[in-house]
Amino acid sequence: PPSKLRSAPLDAHDDHRMFMALSTASLLIPEGAPILGVESLDVSYPSFLEDLERLGATVKWE
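Residue numbers (my numbering): 1 to 62.
No lab work stands behind these hints, which were simulated from the structure alone.
One or more hints might be untrue.
Ranges of calculated distance between the beta carbons of each label pair, as one might list FRET restraints [said to hold, decoys possible]:
# : residue 1 : residue 2 : range
1 : V43       : K4        : 15 to 25 Å
2 : P46       : S3        : 28 to 38 Å
3 : S7        : G56       : 30 to 40 Å
4 : P2        : P46       : 17 to 27 Å
5 : S3        : S44       : 30 to 40 Å
6 : V59       : R17       : 28 to 38 Å
7 : K4        : P46       : 28 to 38 Å
8 : L55       : L5        : 11 to 21 Å
Taking lysine to any residue and the SDA-like style, the derived pairs with C-alpha atoms no more than 25 Å apart in a straight line are [stated by the list, open to error]:
#  : residue 1 : residue 2
9  : K60       : E39
10 : K60       : E31
11 : K4        : E31
Built from N, CA and C at the ideal position, the CB exists for glycine as well.
Work out the full structure, taking the sequences as your base and the hints as a guide.
The structure is reproduced here in structure tokens:
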């Protein structure tokens, strides 16, 4: 059987595409996962996290 996904720190390596992919994947983890590199979203989609919240996701950022 497949393993249960668990939270672990994730690093987008300052790549906005990686950040968005990791954010989407982390929605499958019940407790979520911290993702480094939120600043990278300024490049292409500054409102990405707000839009995820509007869709019903729980988003926390610093």
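Name the hints, by number, that the structure is in violation of.
Violated hints: 1, 3, 4 and 6; rest satisfied.
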